[in-house]
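Protein chains: 2
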Amino acid sequence: MQPIQSLGYNVYFEENLESLLPFIEARGYSQILVLVDRNTNDNCLPVLQNAIPDLIHYDIIEVDPGEENKNIDFCIGVWKTMLDFGADRKALMINLGGGVVTDMGGFAASTFKRGIDFIQIPTTLLSQVDASVGGKTGIDLDNVKNIIGTFTQPQAVFISTEFLKTLDERQLVAGFAEIIKHGLIQDKDLYETCKSVDINNVPADLIYKSVQIKNNVITQDPTEKGLRKILNFGHTIGHAIEGYSLYNDANPLLHGEAIAIGMICEAWMSYKFTGLSEESLNDITNTFLSKYPQYVYSAEFYDSFLELMKNDKKNEDNKIGFALLKEIGDCTYNVYIDEQDIKSALDYYIEAAQLYYKL
Amino acid sequence: MQPIQSLGYNVYFEENLESLLPFIEARGYSQILVLVDRNTNDNCLPVLQNAIPDLIHYDIIEVDPGEENKNIDFCIGVWKTMLDFGADRKALMINLGGGVVTDMGGFAASTFKRGIDFIQIPTTLLSQVDASVGGKTGIDLDNVKNIIGTFTQPQAVFISTEFLKTLDERQLVAGFAEIIKHGLIQDKDLYETCKSVDINNVPADLIYKSVQIKNNVITQDPTEKGLRKILNFGHTIGHAIEGYSLYNDANPLLHGEAIAIGMICEAWMSYKFTGLSEESLNDITNTFLSKYPQYVYSAEFYDSFLELMKNDKKNEDNKIGFALLKEIGDCTYNVYIDEQDIKSALDYYIEAAQLYYKL
Ligand SMILES: NC(=O)c1ccc[n+]([C@@H]2O[C@H](COP(=O)([O-])OP(=O)(O)OC[C@H]3O[C@@H](n4cnc5c(N)ncnc54)[C@H](O)[C@@H]3O)[C@@H](O)[C@H]2O)c1
Ligand SMILES: NC(=O)c1ccc[n+]([C@@H]2O[C@H](COP(=O)([O-])OP(=O)(O)OC[C@H]3O[C@@H](n4cnc5c(N)ncnc54)[C@H](O)[C@@H]3O)[C@@H](O)[C@H]2O)c1
Ligand SMILES: [Zn+2]
Ligand SMILES: [Zn+2]
Chain U
1 MQPIQSLGYN VYFEENLESL LPFIEARGYS QILVLVDRNT NDNCLPVLQN
51 AIPDLIHYDI IEVDPGEENK NIDFCIGVWK TMLDFGADRK ALMINLGGGV
101 VTDMGGFAAS TFKRGIDFIQ IPTTLLSQVD ASVGGKTGID LDNVKNIIGT
151 FTQPQAVFIS TEFLKTLDER QLVAGFAEII KHGLIQDKDL YETCKSVDIN
201 NVPADLIYKS VQIKNNVITQ DPTEKGLRKI LNFGHTIGHA IEGYSLYNDA
251 NPLLHGEAIA IGMICEAWMS YKFTGLSEES LNDITNTFLS KYPQYVYSAE
301 FYDSFLELMK NDKKNEDNKI GFALLKEIGD CTYNVYIDEQ DIKSALDYYI
351 EAAQLYYKL
Chain L
1 MQPIQSLGYN VYFEENLESL LPFIEARGYS QILVLVDRNT NDNCLPVLQN
51 AIPDLIHYDI IEVDPGEENK NIDFCIGVWK TMLDFGADRK ALMINLGGGV
101 VTDMGGFAAS TFKRGIDFIQ IPTTLLSQVD ASVGGKTGID LDNVKNIIGT
151 FTQPQAVFIS TEFLKTLDER QLVAGFAEII KHGLIQDKDL YETCKSVDIN
201 NVPADLIYKS VQIKNNVITQ DPTEKGLRKI LNFGHTIGHA IEGYSLYNDA
251 NPLLHGEAIA IGMICEAWMS YKFTGLSEES LNDITNTFLS KYPQYVYSAE
301 FYDSFLELMK NDKKNEDNKI GFALLKEIGD CTYNVYIDEQ DIKSALDYYI
351 EAAQLYYKL
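Quick note, the sequences are listed as chains U and L, same order.
Residue 154 in full-length UniProt numbering sits at position 154 of the first sequence; the count goes up by one each step and never skips.
Residue 3 in full-length UniProt numbering sits at position 3 of the second sequence; the count goes up by one each step and never skips.
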């Protein structure tokens, strides 16, 4: 597979990261730092070690895994460790992990000595198909997600399905929702393929197509003026449900699980307002319900969902805008929906899921 | 005076910030935040208040003054206050203060929601002539200066000599060293004018010329590949003396005071190695000695000075490179000087100062 060209850098698809060594050697870095979390240290570092032989020295920086550690305190820890290792402006940072590691490592690198080079090696399905292009780095502050960050492009991204072999099935399924999303918004064939894929064995070319779609969108709209908003399909409602679940459930929804629900709700809106056929709505609904666990919320929480949607950084002037499907593979954006219809969309998921699970 | 065009933005020279209001109004910001420290809140905010009438609402964020507060803890405080004020991506941040406020405020703005617009209003002579162009933002970490930061250009810079009226004389004199530096490296006339200026009343056109010189250099070399290094004239030795003084003196040298000494030492190196005439060396030496207080260090500290120089981020591969004068108004860079000659340069300052103060 040819590398995908993004904004000034390549995304390589290679089982064994074959191009990594020549890439590094050609650039004469003074030093290499590898950021991992405890899980990617155990599961993913061996693949990297095989790709970079012993003759290249690198230092490891390890953080605790999990979104709750994607914060300024851990980031300060990363910066201080970079200082301790004596990193200068010609050092390279390699971020080896899921979106938590690539987002925080990207931010740490982009601000250390006003910016050093970094390479992203995403090791979860979600981060491979979503965090790998777009140049967003970031950390959370006071539980507000990604509130501090930069737009900084990495020098390269390496994607290997090898890493997915050690990933939890739940994580795989959650990440898979973003691939389905890419199909829904731009590529009907990809969507159709998704319906029958074995998620424990996602083929590399599906990831490739998915990254290609996101990359096409962001390179057409690098400054987030318009088109990029289609990438938010399912996310306006999905984020609200995700945020709600985080504070109220002992075992909260993963991001991908929440946006799967969001996509069902927003598919209903698409059916009501932007011309999606009833047949497509049913097809989308069944696809998600067949892959994702049922989640139950009560109508008494709708107002807090709406509050969360209004706080979402994607909204301006207090209106709630949505990206909605005209048909499968074609998405439009800046569709403003009123509160009553948002509540009906939330009802739709609950009813559809009840019906599905009763069958 | 015409605004100076820097990298995508203007530097306005206006006593009363006349262009600020139309500038803001034309851009439809959702909200305005003004960052000050306690001193600029008292002394500088009134000027800003006159320039922006009451109909434009803005919120104030105040930090404690002083370099010791240009750190991540205060920066987190600024971010959290921005969050509390509900700032969105269309908010504008106005940084009103010396280099501490403009550096930290620029960093906070450039990383909040991955970057919001900011305007710099430098209120010290140093920050007007030095921090106003170049796009460097930053904070200190673990006492390492400016180790965390970004390269981000403001939307505009406003310079008013009105602010200088409340500034300590010591701060004025220290900042003036950077104007002399700009003359020495690029403009003999400016240097000659500096010799007879009343520092308590620095004319706006001297600041203008000084900013113009720095701006020409940085726009010719935006990525710090080469030419920009001439701006470090006096700074390699100056930084080492500044750092040493910070840890050892009850009342440490200000940056400008330290680089005045550095420029004397590096003028001596210029005389020895890059063709500066003996007459010019004496002239430069006397200019600085007549304006700046004597500082005494002993030869037993030379090795720690050298250590500090090697740690300085401008050095690569452990060599110590200098920017040196070929003559007054003409500076070259990447001149590598060995340790013995650096020590002789340090001796030169001590002897010259002794001689000068004995007279
Ligand atoms: N920058 C972007 O454009 C972008 C896009 C989407 C999501 N994100 C961010 O990504 C984060 C979520 O990413 P994520 O789902 O990858 O979370 P994550 O990084 O927390 O990874 C999930 C879990 O899997 C573990 N893990 C990672 N790789 C593994 C492997 N190969 N084998 C076994 N365990 C492994 C991790 O240690 C963690 O416990 C969020 O913070 C989100 O904001 C960023
Ligand atoms: N970004 C750049 O390119 C750049 C260039 C040079 C220096 N700097 C940074 O600038 C900082 C030093 O700047 P500085 O010398 O302006 O320090 P500063 O901001 O600490 O100001 C010095 C003192 O003067 C006070 N003050 C400021 N304006 C005043 C006014 N008009 N009237 C009365 N008091 C006033 C401040 O409160 C402070 O106590 C350093 O941190 C340095 O790293 C940055
Ligand atoms: Zn997502
Ligand atoms: Zn300086």
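Errors might be hidden in some of the hints.
Given that identical chains are not distinguished, each listed pair holds provided it fits within a single copy or across any two copies.
As the list claims (entries may be wrong) - Listed below are the simulated BS3-like cross-link pairs for lysine-lysine, each with C-alpha atoms no more than 25 Å apart in a straight line:
| hint | residue 1 | residue 2 |
| --- | --- | --- |
| 1 | LYS358 | LYS209 |
| 2 | LYS188 | LYS145 |
| 3 | LYS113 | LYS136 |
| 4 | LYS113 | LYS319 |
| 5 | LYS80 | LYS326 |
| 6 | LYS90 | LYS188 |
| 7 | LYS319 | LYS188 |
| 8 | LYS291 | LYS310 |
| 9 | LYS90 | LYS145 |
| 10 | LYS136 | LYS272 |
| 11 | LYS310 | LYS90 |
| 12 | LYS291 | LYS90 |
| 13 | LYS225 | LYS90 |
| 14 | LYS291 | LYS225 |
| 15 | LYS80 | LYS310 |
| 16 | LYS90 | LYS319 |
| 17 | LYS358 | LYS326 |
| 18 | LYS90 | LYS136 |
| 19 | LYS113 | LYS225 |
| 20 | LYS310 | LYS113 |
| 21 | LYS358 | LYS136 |
| 22 | LYS319 | LYS358 |
| 23 | LYS188 | LYS343 |
| 24 | LYS195 | LYS90 |
| 25 | LYS80 | LYS145 |
| 26 | LYS195 | LYS343 |
| 27 | LYS343 | LYS165 |
| 28 | LYS90 | LYS80 |
Please keep in mind that the hints were generated in silico from the structure rather than gathered at the bench.
Just so we're clear, the structure is a prediction, and the values are computed from it rather than from any experiment.
Worksheet item: What hints, given by number in increasing order, does this structure fail?
Response: Numbers 1, 2, 5, 6, 7, 8, 10, 12, 14, 17, 21, 22, 23, 24, 26 and 27, in rising order.
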